[in-house]
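> Sequence:
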Amino acid sequence: MDLGLISVRYARALLKAGIEAKEADKVYADMQTLAHCYSTTPALRVTIDNPMLSKKQKESLLLTAAAGGTCDLTKRFVALVLKEDRESIMQFIANSFVTLYRKHNNLISAKLTTACPIDSNTEKKMRQLVEGRTNGTVEFQTEVNPNIIGGFVLEYDTYRMDASVKRQLNTILSQLN
Numbered sequence: 001m002d003l004g005l006i007s008v009r010y011a012r013a014l015l016k017a018g019i020e021a022k023e024a025d026k027v028y029a030d031m032q033t034l035a036h037c038y039s040t041t042p043a044l045r046v047t048i049d050n051p052m053l054s055k056k057q058k059e060s061l062l063l064t065a066a067a068g069g070t071c072d073l074t075k076r077f078v079a080l081v082l083k084e085d086r087e088s089i090m091q092f093i094a095n096s097f098v099t100l101y102r103k104h105n106n107l108i109s110a111k112l113t114t115a116c117p118i119d120s121n122t123e124k125k126m127r128q129l130v131e132g133r134t135n136g137t138v139e140f141q142t143e144v145n146p147n148i149i150g151g152f153v154l155e156y157d158t159y160r161m162d163a164s165v166k167r168q169l170n171t172i173l174s175q176l177n
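Quick note, the sequence shown lines up with residues 1 to 177 if you use this note's numbering.
Keep in mind the hints are simulated off the structure, nothing from the lab.
Be aware that a few hints might be false.
Simulated crosslink set (BS3-like; lysine-lysine; CA at most 30 Å straight-line) [claimed, not checked]: (1) K125 / K166; (2) K55 / K26; (3) K111 / K166; (4) K22 / K75; (5) K166 / K124.
Since this is a predicted model, take the numbers as computed values, not measurements.
Please take these sequences and the hints and turn them into a complete structure.
Below, the structure is given as structure tokens:
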């Protein structure tokens, strides 16, 4: 059984239903939250895979992980996944949905890491840079990481621009060795 194929089929069906019901944005937010919960809380997957839990308990847990105030379509979808005994691939379905939604809406996920907080004007310029290169709408995320010492790291799609002082120091160090 190909888990990737199955999860993409479920995600594609959910996206189609979300578009038809005009709730795709709400489902996207729910699936993003659920995917994030799976990645930050490894115990969630173990708990969902536990055969001792009832379907009702698993449904309650999944809906809580998907932000609690989920839309009706997400609730019905989670119930369907549980009915079909596919809860073990729910993490893959959520990730597949996020990917398909972004592709359908031409959304680009970008992340800017800096050594210290930046002002909104600089963030706006970086967002415009990514939008200009990708011809899409950018979901921009900023992060402060003092370990890069200075400069920035910009990541989107498969592109990574590392203009950090840490990388430059490591390059000099490797040249000296």
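> Which of the numbered hints are not met once you compare them with the structure shown?
Violated hints: none at all, because every hint is consistent with the structure.
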